[in-house]
Amino acid sequence: GHAPWLGVAMAVNSVHWFRKGLRLHDNPVLQEALDGADGARCVYILDPWFAGAANVGINRWRFLLEALEDLDSSLKKLKSRLFVIRGQPTDVFPRLFKEWEVTRLTFEYDPEPYGKERDGAIIKMAQEFGVETIVRNAHTLYDLDRIIEANNNSPPLTFKRFQAIVSRLELPRRPLPPISQQQMDRCRTNIADNHNQQYSIPSLEELGFRTEGLPPAVWHGGESEALDRLNKHLDKKVWVANFEPPRVNTCSLYASPTGLSPYLRFGCLSCRVLYYNLRELYMKLRKRCSPPLSLFGQLLWREFFYTAATNNPNFDRMEANPICVQIPWDQNPEALAKWAEGRTGFPWIDAIMTQLRQEGWIHHLARHAVACFLTRGDLWISWESGMKVFEELLLDADWSVNAGSWMWLSCSAFFQQFFHCYCPVGFGRRTDPSGDYIRRYIPMLKDYPDRYIYEPWNAPQSVQKAANCVVGVDYPKPMINHAEGSRLNIERMKQVYQQLSHYRGLSLLASVPTIQEEAEPPMTDESLSGSGPGRRKHKSKILIFRWMM
Amino acid sequence: MKRIKGGEEDGHGPPSGSPPEACKKVRTQASEESEAAGASDAPVSDWARLPQELLLHIFQYLPLLDRAYASQVGRRWNQTFHMPELWRCFEFELNQPASSYLKATHPDLIKQIIKRHSNHLQYVSFKVDSSTESAEAACDILSQLVNCSLKTLGLISTARPSFMEVPKSHFISALTVVFVNSKSLSSLKIDDTPVDDPSLKVLVANNSDTLKLLKMSSCPHVSPAGILCVADQCHGLRELALNYHLLSDELLLALSSEKHVHLEHLRIDVVSENPGQHFHTIKRSSWDAMVRHSPKFNLVMYFFLYEDEFGPFFNEEVPVTHLYFGRSVSKEVLGRVGLHCPRLVELVVCANGLRPLDEELIRIAKHCTQLSAIGLGECEVSCSAFVEFVKMCGRRLSQLSIMEEVLIPDNKYSLDEIHWEVSKHLGRVWFPDMMPTWVPFCDQWRSSIPWKKQAAPWLHQKGACTSGLT
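Protein chains in written order, with UniProt numbering: chain A, 1 to 549; chain B, 1 to 470.
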């Protein structure tokens, strides 16, 4: 439809749509929203009705709401405001386009498949309203399509290959400075008197959460917090670089006041700002030309998974996902619940899941431990279930990074060396011999001596009683025998990988020698002649029945 | 997937068979028909008249579902569909929607196979999920295979071992049906099942001449005497998999007796039920007898023990070729491995703990001259020692899977340099394995800034918390 307000010499009224990219620094598309505009408004759209249904826990909502408060506060300083609109984008935008006589819509490019689909629909709708749409990439360091193109039109599936491709590209675009007062002054933002009623940021209670007794947030959302942390983070690096590099120690299991991952995920911190700050710090300290790629290791991992996922709408599931090995995971809701709620009877696992639920962040080695325990290490439950729990609880779980990491750790994609198994007792003990991490997150075990705190079920009754925590009564018995479980699971993984060895190359343990003849697997009623991990579904069960007659 | 050679469902290339003759036959037949019918071309009728051998040949390429569709074309094609050759192999997939994501073989299909094709079945396996119902369904099917003369039987649990939940008598009686009727079983996989000594006796009584492969790891109801009976009678046995508690000197001697063929693969799982469990020892002389009798045999050993349970192992020479440590194993034990495992081909260490394995690895490189594959998980090795190890092994190392965190940079090499050195000695490009570091910027920043090249003092401070950093 032709928008009635479009005529000659029309005013340029911009709407910038925040989704991720919750910041005013390095925000190229926001700059374009303001550039030459007569009026501009920044909006965030959320639907409180879906807050309960969405797989988003209280810590994630709280972080987001704090980030929105921070944006609003920064915009206030620039004599503007954040407009939080309740509803769904497809319903909200037609209304806004009319009410505000919008001529220009801007938003940051979202490379995730769901995001691309949603945005495609919005762009189309905007066109119908005669609204110009501007989209710019600022959530990833590079243009992901370029990386894919440089790799023969398919995303790199090994990190080394990814690094090789990236090393040949130009450096990421330099970050832009924050929106200035001047830029904002050139466009008016009409702020109604009832702005706080109409466009306010909802509270946790309004989203349906109960907040009595909610402990304070360990990670505070928002751009200001992000930039503050960035500075402290870089200070620390200088200190560290001049002395000894630390190994992973018990302190790093705890939330760091300079940790940045949740801020990157929500876009409170620009990845390019981080990239260039690291680069410049390195060059200052080392007086050399270019830093090795390993300096940006963690940023590149994020980029790697985004690239792998951007064209794969099935990236977050096993079925119909071309890169995912089809593994016959068990379905066991009871076992899954014990894991998710930190009631496995393995203090190391339970402490980690408790920290995750309480705070929204756990160290990457802790993630490896619980992911391995849930999937190929012990419980043999699908990585999709674990991914969903992380999505709910983990502040820095990007869709792409979360799904990709779970596939990696469960040996479903990208990685095949399934002999690496993290013992839920030994690995914890080696990471934190003092057991203090356990005592902190599972207080009922605090009086256990170091010797038994990782395996309280092995402590003599006298020790258990003295610690006031009897296994099977106060604290659960271990839900699985790890030796037996891992033995079984190694066999299962081997069964799966033996069938793939022709296509994937050998992985250790997959090719245990056996006599060839008479060991041929018979046919299933699915196709065996195709390669790759996919399995076809039964097209029609009725048909099978009929031909048999 | 391995295919049965000889034409069954080999998607990789032309199967053996005689296509040229069959084609000739079609051409002759077709030309005869067209002569008879006159000048009219009737291509449709050629399809219906394809000789059965050719149809069979084509059907062998098709997966079952496509064959089923094809069988509906007409009577001829339907007849071909039911030819015995197409029913030699079957894998029953038994899954419940509540316990598995995979779909199951249709129950009607199962009924029809039992009714029309059970006497054609020769290579059969059952894949069951973790529900008891699936395992019971497998037993029910087994019990009905009375006219079968199976060559291969495999009972495979894809998740938890559900055969162990089936009432023992039900399982045993089902299995016995197969043992008694088959009489020519060559390959039997019954790991994680409640098979017992008496049923093994039945197996032996009926199939001792033909049995070549027997896999029965984690079968708790079998005793050493039970398996000894198998070794004593089944002289054609070439591959055996069992748990360590079933292994005895007598068993090894039985397998090395003159009447016995060469054993090719022996797989032993050593699993600890409770911490502090005691394991018996096997005499060196028994192992020596095995090696003398079957000089090329592979001995695959999987250890799932606590660190302090390794006392009985690796004190004397043992002919292990493939060795896997599924839990943490001490430096000391790895040192013994270096001394006493001259036939070692593959070594995989899941975890060791934070003390560098420099000497142990070098000793292994020196004494295990057949070593061609090694995997290290949660271990530590200094870069120099690692380079030395690779240099000593050289190009025989076809598989080198080391997690990046295993390698400790030292005076001579940093992480960025090491992969060149190793690649050089291996003769191919090599990188350590990586795990995604999800979390940007925790306190670990090991590889990013190469520090001054000095021996790192913290290397010997296990678990030291440099609290000044946070």
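Hints were generated in silico from the structure; no laboratory data involved.
Just so you know, not all the hints are guaranteed correct.
[Stated by the list, open to error] Okay, derived cross-link-like pairs now, DSSO-like style, lysine-lysine, Cα gap no bigger than 30 Å in a straight line: (1) A/K79 to A/K98; (2) A/K388 to B/K103; (3) B/K424 to A/K160; (4) A/K287 to A/K338; (5) A/K116 to A/K160; (6) B/K391 to A/K160; (7) A/K477 to B/K283; (8) B/K103 to B/K168; (9) A/K494 to B/K115; (10) B/K189 to A/K338; (11) A/K284 to B/K412; (12) A/K237 to B/K331; (13) A/K494 to B/K215; (14) A/K287 to B/K412; (15) A/K446 to A/K494; (16) A/K98 to A/K76; (17) B/K103 to A/K494; (18) B/K115 to B/K103; (19) A/K98 to A/K116; (20) B/K103 to B/K201; (21) B/K412 to A/K494; (22) B/K189 to B/K296; (23) B/K391 to B/K283; (24) B/K283 to B/K296; (25) B/K215 to A/K160; (26) A/K338 to A/K124; (27) B/K259 to A/K494; (28) B/K183 to B/K259; (29) A/K160 to A/K237; (30) B/K296 to A/K494; (31) B/K391 to B/K296; (32) B/K391 to B/K412; (33) B/K296 to A/K236; (34) A/K124 to A/K20; (35) A/K160 to A/K338; (36) A/K287 to A/K388; (37) A/K160 to A/K236; (38) A/K98 to A/K77.
Just so it is clear, the structure is predicted and the values come from calculations on it, not from any experiment.
Checked hints:
1. A/K79 to A/K98: Roughly 24 Å between the alpha carbons, so the hint for A/K79 and A/K98 holds.
2. A/K388 to B/K103: Holds - the C-alpha atoms of B/K103 and A/K388 are around 23 Å apart, at most 30 Å.
3. B/K424 to A/K160: The hint holds at about 18 Å.
4. A/K287 to A/K338: Between A/K287 and A/K338 the Cα gap is close to 52 Å, so the pair fails against 30 Å, i.e. violated.
5. A/K116 to A/K160: 27 Å, holds
6. B/K391 to A/K160: OK: B/K391 and A/K160 at ~24 Å, within 30 Å.
7. A/K477 to B/K283: At roughly 39 Å apart (the allowed maximum being 30 Å), B/K283 and A/K477 break the hint.
8. B/K103 to B/K168: Answer holds: B/K103 to B/K168 is near 27 Å, not above 30 Å.
9. A/K494 to B/K115: Violated, at about 34 Å.
10. B/K189 to A/K338: 33 Å, violated
11. A/K284 to B/K412: 25 Å, holds
12. A/K237 to B/K331: 35 Å, violated
13. A/K494 to B/K215: 15 Å, holds
14. A/K287 to B/K412: 22 Å, holds
15. A/K446 to A/K494: 39 Å, violated
16. A/K98 to A/K76: 25 Å, holds
17. B/K103 to A/K494: 21 Å, holds
18. B/K115 to B/K103: 22 Å, holds
19. A/K98 to A/K116: The hint holds at about 24 Å.
20. B/K103 to B/K201: 36 Å, violated
21. B/K412 to A/K494: Not OK: B/K412 and A/K494 at ~38 Å, beyond 30 Å, violated.
22. B/K189 to B/K296: Holds - the C-alpha atoms of B/K296 and B/K189 are around 23 Å apart, at most 30 Å.
23. B/K391 to B/K283: With Cα atoms ~35 Å apart, B/K391 and B/K283 exceed 30 Å; violated.
24. B/K283 to B/K296: 20 Å, holds
25. B/K215 to A/K160: With a Cα-Cα distance of about 39 Å, the restraint between B/K215 and A/K160 is violated, given a limit of 30 Å.
26. A/K338 to A/K124: This hinted pair is violated, its Cα atoms lying about 46 Å apart.
27. B/K259 to A/K494: 33 Å, violated
28. B/K183 to B/K259: 21 Å, holds
29. A/K160 to A/K237: 25 Å, holds
30. B/K296 to A/K494: Between B/K296 and A/K494 the Cα gap is close to 23 Å, so the pair holds against 30 Å.
31. B/K391 to B/K296: Holds - the C-alpha atoms of B/K296 and B/K391 are around 27 Å apart, at most 30 Å.
32. B/K391 to B/K412: Distance ~15 Å between B/K391 and B/K412 Cα, so the pair holds.
33. B/K296 to A/K236: 58 Å, violated
34. A/K124 to A/K20: 21 Å, holds
35. A/K160 to A/K338: Not OK: A/K160 and A/K338 at ~37 Å, beyond 30 Å, violated.
36. A/K287 to A/K388: It is violated: about 45 Å lies between the C-alpha atoms, which goes past 30 Å.
37. A/K160 to A/K236: Distance ~28 Å between A/K160 and A/K236 Cα, so the pair holds.
38. A/K98 to A/K77: 28 Å, holds
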